[in-house]
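All chains, please: the whole structure from these sequences, using the hints.
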Amino acid sequence: MGKTMAEKILSKKSNTSAKAGDLVVAQVDLAMGQDGTTPLAIRSFEEMGGKGVFDPDRIILVIDHNAPSPLEMVSRLHDSMRNFSQKYGVKLFDVGCGVCHELMVAQGLVVPGDLVIGADSHTCTYGALGAFSTGVGSTELAAVMIGGKLWFKVPETIKVNLVGQLPPGVFSKDVILHLAGKLGADGATYRSLEFYGPVIDNLEVEERLTISNMAVEVGAKTGLIPPDEKTIAWVKQRSKREFEPVYADSDAHYIDTITLDCSSLSPQIALPHRVDQVSSVEEINQEIPIQEAFLGTCTNGRAKDIEVAARILTGKKIDPRVRLIVAPASREIFMQAVKAGWVEAIVEAGGTFVTPGCGPCVGTHQGVPGDGWNVISTANRNFKGRMGNNQAFIYLGSPATVAASALEGKIADPRKYLEG
Amino acid sequence: MILRGKSHKFGDDINTDYIISGKYKFKTLDMNELAKHVMEDIDPNFYQKVKPGDFVVAGKNFGCGSSREQAPRALLACGIRGVLAESFARIFFRNAINCGLVALECDTSKIEEGEQLEVDLVQGVVKNLTREETIPTQPMPPVMLDILKEGGLVEYFKKHGSFPDL
Ligand code: SF4
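Sequences listed follow chains A and B, in order. The numbering used here runs 494 ahead of the 1-based position in the first sequence. The numbering used here runs 5 ahead of the 1-based position in the second sequence.
No wet-lab data here; the hints were simulated from the structure. Note that this is a predicted model, so its numbers are computed, not measured.
EDC-like, lysine to aspartate or glutamate: derived pairs with alpha carbons at most 20 Å apart: (1) Lys643/A to Glu540/A; (2) Lys878/A to Asp48/B; (3) Lys164/B to Glu540/A; (4) Lys132/B to Glu91/B; (5) Lys502/A to Glu650/A; (6) Lys545/A to Glu160/B.
Pasting the structure below:
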């Protein structure tokens, strides 16, 4: 019987013929850590007696979660990463470079067919390039930094067919929110997802990243998209590494197949405090006033996301009761937004920009909401307390929905700003 | 390895933001400090209630969300010895074992708040001493039991210098 993408990549990296359910020890191509998880990994590394790293070129550290540092204690933790990077010659992206997951793909580090681990749950994002990538904890990151290997349970795979064509004003974020609502927060636990269909084919690579990014929100280990010509051209533009894309066999075994017709999909909103409590914008029949709008994160802080928000906001003013905060996912994206005039359009409209990085996503700085506030955000999680205040209510939507809502001061349908 | 303690009952989908909020975990590696804020957003008095050796008992998908290893470590630091749940999110499960926190899948529907539990890891049996009931558990993969027996991955590495062989 044939193999899924996950089975094939894990077979290749473990030199075995791995099937779902097997435990394998595999060679990891890249290991990533960010400033919320790496300081603990460094401590574990030292406690484990680590004397060196397996390959300095295959370890990437990023200071993005709490950057620039808001506190002296955080500055000390950041320095521990800088010292580690210097001592072992490991690449470090410092304050202002951007969100770890954006850098891993846009800097040409990850290529199709790779096996990547990261001490961050959204490491699954690189599945959009056809890499098996998954989140681990700090101590496991330490073990990989020492030995370059980790054990994996080979997952079963759910095949997701996205058929039809996305209507105007509806985006890849709406697709994955809709899927999260259907599958539930644990609908794919321990499993891998493989995405197929015309909706995927028509999306640009950066839009596909949004889908793979949220695979973990349904519990999945990774969310793989088979590399097509677009992926290969996108990666070749950014990376000098040689690579060989991996595809599932035609007779691969899937534990389940889900088909979603996206032709009549409307903008989707995840309601507080669950990512899988999803409703279409029309179904929300009461007015939900908002006090903060956030555009950014590893899910939706990319050029297309800022562009669509700028398009909606150009020549208009946001509601004066709303604070609109934008965190570009990287310095490159920020510069692109400056040159294209998107920054000007958004700032003129009343928005504000913060450092490229995670921004207010995880509640450590730069935009903690007040008590009773409603926040509309492009992030991937709306757990209670996620943005630093457990008295706030977080709604998730696409960048267009966030921009339209900032304009109207309430959760709004973006389609009227985009059609025609 | 036989463990005894009282249960602290929670529902489904307890995420790692609830276990330890991001606003604390980025500030310090001092787990005793983090321990004071464990479960704070859903049970503000949790830290005061826990006695060393107690168990967290939960429903489906325990530990979903962020990959923060601070979650199992802070639970350990506040005295929790193990988590029994209907199911776990995979990163939490790995992290728990790697930190030496017992994580066992079993039917938790018949365990209530404050009941006395006994867990035999080697036999794979949970006993509800309050109700005199025995609950079977999913057998733990040997590789995990090996790590757990050593007290976590750091201890395992110190002793063996690498991963357990499969
Ligand atoms: S942007 Fe948010 S979800 Fe993404 S890595 Fe940063 S904190 Fe995590």
